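Each protein sequence line maps, in turn, to chains U and B. First residue of the first sequence: 1, per full-length UniProt numbering; consecutive thereafter. First residue of the second sequence: 1, per full-length UniProt numbering; consecutive thereafter.
Derived from the structure by calculation, the hints contain no laboratory data. Worth double-checking, as some hints may not be accurate.
Claimed, not checked - Lysine-lysine pairs mimicking DSS-like chemistry, simulated, CA-CA at most 25 angstroms apart:
1. Lys217/U - Lys30/U
2. Lys214/U - Lys30/U
3. Lys311/B - Lys325/B
4. Lys79/U - Lys446/B
5. Lys79/U - Lys30/U
6. Lys180/B - Lys15/U
7. Lys19/U - Lys148/B
8. Lys74/U - Lys446/B
9. Lys180/B - Lys119/B
10. Lys119/B - Lys186/B
11. Lys19/U - Lys217/U
12. Lys15/U - Lys214/U
Here the structure is a predicted model, which means the values were calculated and not measured.
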Amino acid sequence: MIEVRNLNQTFYTAKGPLKVLMDINLDIPKGDFVAVIGRSGAGKSTFLRTLNGLLIPTTGSVVVNGTDITRLPKRELQKYRRTVGFIFQQFNLVNRLSTLDNVLHGRLGYLPTWRGLLGLYGEADYRIARQQLERVDLAAKENARVDSLSGGQQQRVAIARAMAQQPTLMLADEPAANLDPVLSEEVMRTLRRFNEQDGVTVVINIHALDLALKYAKRIVAFKRGRVVYDGSPEQLSEEVVDDLYERKEMLA
Amino acid sequence: MTELLLYTFFGMLLAVLAGLAKGSMRRWVIGAGLALLVVFAAFPFSRARGFLSRDTIDPTLLALVPLFPLLLMIPLGVLLALVLARRGGQAAGLGGVLGGTAALVAAGWWYVQPVQIAKLYPVEGLIELLLALGVAGSVALLSFSRPKQRVPILIGAVVAGVLAFLWFHAPQGGGAYLPKSLGYYKLMLPTPPGAEQQIVDAYNRALPELNAIRKELGQDELKPIQSLADLQGAIPQQASSEGYRLVQPATTQYGAFAAFFLAGLMLGAGLMQLRNASLQEPDDFRAGILIALVASFLIPAFDATEFDLNKLVVGWPFLQQFADKAWPPLLADPAAERYPLQEVLSQIAVTVQMALVGTFLAAVFAMPLSFLAARNVTSGTPLMRSVFYVTRLFLNVLRGVPTLIIALILVAAVGLGPFAGVMAIAIHSLTELGKLYSEAIENADKGPVEALESTGASGVNVVRWAILPQVLPLFVSYTVYNFEINFRSSLVLGLVGAGGIGYFINEKMASGQYDQMIVGVIAIVIVVNIIDFASSWLRSRLV
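So that you can see chain U by itself, here it is in the shape it has in the complex:
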């Protein structure tokens, strides 16, 4: 489904060029559940944002279902993005709006611009949005302002928003980092449910190694902008993990 080829990303900062991604080559088949692990600054977030076109890579291509999404014109990119859900560490909800309004935002990509501006969602959009709210157990809260919800509930709203897009690919950038362990598990279970029931491909950045090993079908490890491990959770050896997090050096 996704073919990442020779991906390079260089940011030009005041201190000079900063190579964030170097020669990434990955194939992600449909229905996969990939956990991307690595230390902060290893390039995980950049990689994820490149997959849905929020960032344009310096060189290389990301081919999704036969089209290279890194070189799409604006309209086409928007059409692609509506099939890709994105879940953020900070939830990134619009605080002053209701839960339902926030979930409906997931449908904006399917509306003509003028209808979106006026908030004229169709019957089907409302049905999908309410359905997703139900799946994350927040149907009762649909009229509450999201800033009145707890952190776990807010992240579920964000997941419902992403699912309302009816995506074929779900990207999640540290979705559990701001939540306590119980809620983290809950978020991961929700993602696994979507992966298994709806066949949505999931790519997730995650710090917590135990969660990654428990839920993901496949682990991809990044170190300083390069892929250093790509395989099943079971085969991920202690040595790789130690090297990844540079634990030996930290202890020394």
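With chain U fixed as given, assemble chain B onto it according to the hints.
Positioned in the frame of chain U, the structure of chain B alone reads:
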């Protein structure tokens, strides 16, 4: 002389008070010393008169040095004080005492000199040099933010400075626009002995011809003079145009008061530090520079604004008369069919309505404009970028024009009345709100923007759903605050004929009906307070 001594005393008093409060004394020695240098070089001290009043020149102490070299004691004393201040302790105190005393002695000695004749020597190129230094300095400032390009920027600064000098100095260059500035700084040179007698002789020689003209005009004949003193402070026209001036040391200008005050301050601070050597702090030089800067801007400003409490004393009878006439307020006089209270209330209503309509119009137009003036919304294409810069420029330029000026122009265009006021308020508020709104947009949380972009929503929908909900409460809050300001400015707009209560007050003031005018004033005080209160209550609920 007593006035100058009074200023000296004030300076010393300030130092003593600051010293009793255990403030650093060295800082005052340094500050007063540096300020004294500014006074010495730039503030007018005495008066030098020519034939006409426009020939009058007020020379600085530096300009008087050729006439009276003893004045050099002032900068030398200050320099000595600064050197000693670096050593601190008793030495700094001694420096203050020496510097202050030197300044007092030199300036006082000059003050008691007799009236004398001097020849002007304009210093050519000085103003041009200052301008060039200013230009070069501003260019050189750029090098701080770009350390890599320091060398080319500094070279550019020098070139710009030289070009500025040449342009301003050229015959038809910049100096032609500011003719006074060329040779503005004039030194006073001593005249050779006998110069005064020559002037007197020349005057007497020309007298018969002058008297013939005066006779035809029916004016009194003038008598020959023995010395210039007979002309009572003026000098003959010919001598004046030849560059001679009569210098009057005792006709003091504001620089004299500044000099004596600062010298007193220096002396007082020095004495206090001699008594208690620990009255100093590590950052005294920075503080001293700050003191000197404030003094050198503040003192000329007081002079330029003709600050004189005596005027209030002279004007006191009017204030008394005003109060007598204004109280009690005349609310209504049925016998004469005059109803000021009723008129005031309807005019206040008009004023509030002007502010309402003006604020509404401004808000309606500022809302879309502010999105074009927000950096984060217009980052997409080069076209949007240029729209951003144009909008910003438009708002910034227009914001520089005060409401009152817009109203003046509009009154001339559309006639007297509230419409001109409403339009003036609307135009000015548009620029204020446009800036405030666009800053709110720029400060909006970027997270929701990124989130909506990744749902595939189009650009305008991202703005509509991710930014607008965030900034709308702020918009409302700013608009309410703007209404509060607009109400106050619409009061003033009446004064230029743009309707409302201000117009009423202006009219009653001009016709001397103070008892009616005071009704309007009281009404304004009440309504301003009500609106302030309501506005801050409303805003506290919003954000």
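request  = For the pair supplied as a hint, Lys74/U and Lys446/B, confirm whether the alpha-carbon distance does not exceed 25 angstroms.
outcome  = holds (20 angstroms)
key: Holds or violated: Lys19/U to Lys148/B, with C-alpha atoms at most 25 angstroms apart   = holds (23 angstroms)
message = Please verify whether Lys79/U and Lys446/B have alpha carbons no more than 25 angstroms apart.
response = holds (22 angstroms)
task = Starting from Lys180/B, check that the Cα of Lys119/B is at most 25 angstroms away, please.
result = holds (18 angstroms)
message = Would the hint linking Lys217/U and Lys30/U be met if the CA-CA limit is 25 angstroms?
response = At roughly 12 angstroms apart (the allowed maximum being 25 angstroms), Lys30/U and Lys217/U satisfy the hint.
message = Between the alpha carbons of Lys79/U and Lys30/U, is the straight-line distance 25 angstroms or under?
response = Roughly 19 angstroms between the alpha carbons, so the hint for Lys79/U and Lys30/U holds.
inquiry  = Between the alpha carbons of Lys311/B and Lys325/B, is the straight-line distance 25 angstroms or under?
reply    = holds (22 angstroms)
query = Going straight from one Cα to the other, do Lys15/U and Lys214/U come out at no more than 25 angstroms?
reply = violated (40 angstroms)
key: Hinted pair Lys19/U and Lys217/U, Cα distance within 25 angstroms   = violated (29 angstroms)
message = Holds or violated: Lys214/U and Lys30/U, Cα atoms, limit 25 angstroms.
response = Holds - the C-alpha atoms of Lys30/U and Lys214/U are around 20 angstroms apart, at most 25 angstroms.
ask   = For the pair supplied as a hint, Lys119/B and Lys186/B, is the alpha-carbon distance within the 25 angstroms limit?
value = This hinted pair holds, its Cα atoms lying about 10 angstroms apart.
ask   = Can the restraint linking Lys180/B and Lys15/U be considered satisfied, given a maximum Cα separation of 25 angstroms?
value = violated (51 angstroms)
In this structure, the earlier hints numbered 6, 11, 12 are contradicted, and the remaining ones agree with it.
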